[in-house]
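Enquirer: Take a look at the letters that make up each chain.
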Amino acid sequence: QVQLQESGPGLVKPSQTLSLTCTVSGGSISSGNYYWSWIRQSAGKGLEWIGRFYTSGSTNYNPSLKSRVTISVDTSKNQFSLKLNSVTAADTAVYYCARGNEYWGQGTLVTVSS
Amino acid sequence: DVIMTQSPVSLPVTLGQPASISCRSSQSLVYSDGNTYLNWFQQRPGQSPRRLIYRVSKWDSGVPDRFSGSGSGTDFTLKISRVEAEDVGVYYCMQATYWPYTFGQGTKLEIK
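Sequence order for the protein chains is A and B. Just so you know, we're using this note's numbering here: the first sequence kicks off at 1 and counts up by one. Just so you know, we're using this note's numbering here: the second sequence kicks off at 115 and counts up by one.
Source of the hints: derived by calculation from the structure; they are not laboratory data. Treat the hints loosely; a few may be bogus.
[To be verified] Straight-line Cα separation of at most 16 Å, EDC-like style, residue types lysine to aspartate or glutamate; simulated pairs:
#1 B:172 <-> A:102
#2 A:66 <-> B:198
#3 B:193 <-> B:147
#4 B:226 <-> B:189
#5 B:193 <-> B:179
#6 A:45 <-> B:179
#7 A:66 <-> A:91
#8 A:13 <-> A:91
#9 B:222 <-> B:189
[What the hints assert, rightly or not] Pulled from the structure, derived: some chain A residues nowhere near chain B, Cβ distances all over 10 Å:
#10 8
#11 28
#12 47
#13 60
#14 73
#15 75
#16 87
#17 89
#18 112
Keep in mind the model is a prediction, meaning the values are calculated, not measured. For glycine and all other residues, C-beta sits at the position ideal for the given N, C-alpha and C.
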């Protein structure tokens with residue numbers, strides 16, 4: 001069974017870039033017709049889909065975050081990453097990576113504060 | 115974005131009694147392929163969301179059959195036939211028909 005694990009700094013300063021990595025085990029990112037996603041959960045906005053990509057090449061970002069988000073993949077490491085620029089306190093949330101919408105990581109809390 | 119509205123927000127239930135959660139979408143969730151991509155998730159305290167039901171009424175692996183999903187178009191329901199203590203948590207509906215995918219605000223199930 002596929003497993004996902006998020007990693008990255010738990011504290012980011014305002015105006016800086018939030019960077020997270022999702023490591024996938026139990027299956028290859030490149031196999032199967034799945035999409036891989038980043039999702040976040042905050043007290044203020046609930047659950048919010050950040051973006052998704054297919055390893056075939058297509059990527060979709062939530063229009064509300066599109067100008068600040070980049071999702072990339074490293075198939076050699078079986079990892080994919082999230083970068084969110086110009087963060088503010090509103091970006092404080094638990095960030096999840098997922099395969100499709102079935103398999104989720106445990107989540108990682110990122111706090112934006114000086 | 116498609117707005118997902120759940121009711122009730124809070125659901126106190128006696129052990130062994132049934133429970134029902136409603137979810138309405140701001141537009142029909144029928145996709146061009148004829149499928150309806152409406153899912154239900156359970157989030158227990160301190161855990162990540164776990165998908166219970168996909169495409170309205172299909173069970174995910176390991177989900178007890180006391181959970182069931184129904185509905186069509188814009189109106190959907192998650193039912194628990196007999197609530198058990200392990201069912202405590204927050205339940206979310208989620209649509210995966212339109213991008214960006216969106217969730218309801220959640221229904222908190224607690225034991226009376």
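Enquirer: So, for every hint listed, does it hold in this structure?
Expert: Now the hints, each set against the structure:
no.	hint	verdict
1	B:172 <-> A:102	holds (12 Å)
2	A:66 <-> B:198	violated (42 Å)
3	B:193 <-> B:147	violated (26 Å)
4	B:226 <-> B:189	violated (27 Å)
5	B:193 <-> B:179	holds (10 Å)
6	A:45 <-> B:179	violated (31 Å)
7	A:66 <-> A:91	holds (14 Å)
8	A:13 <-> A:91	holds (11 Å)
9	B:222 <-> B:189	violated (19 Å)
10	8	holds (16 Å)
11	28	holds (20 Å)
12	47	violated (4 Å)
13	60	violated (5 Å)
14	73	holds (19 Å)
15	75	holds (23 Å)
16	87	holds (19 Å)
17	89	holds (21 Å)
18	112	holds (21 Å)
The structure does not agree with the numbered hints 2, 3, 4, 6, 9, 12 and 13 stated previously, though it agrees with the rest.
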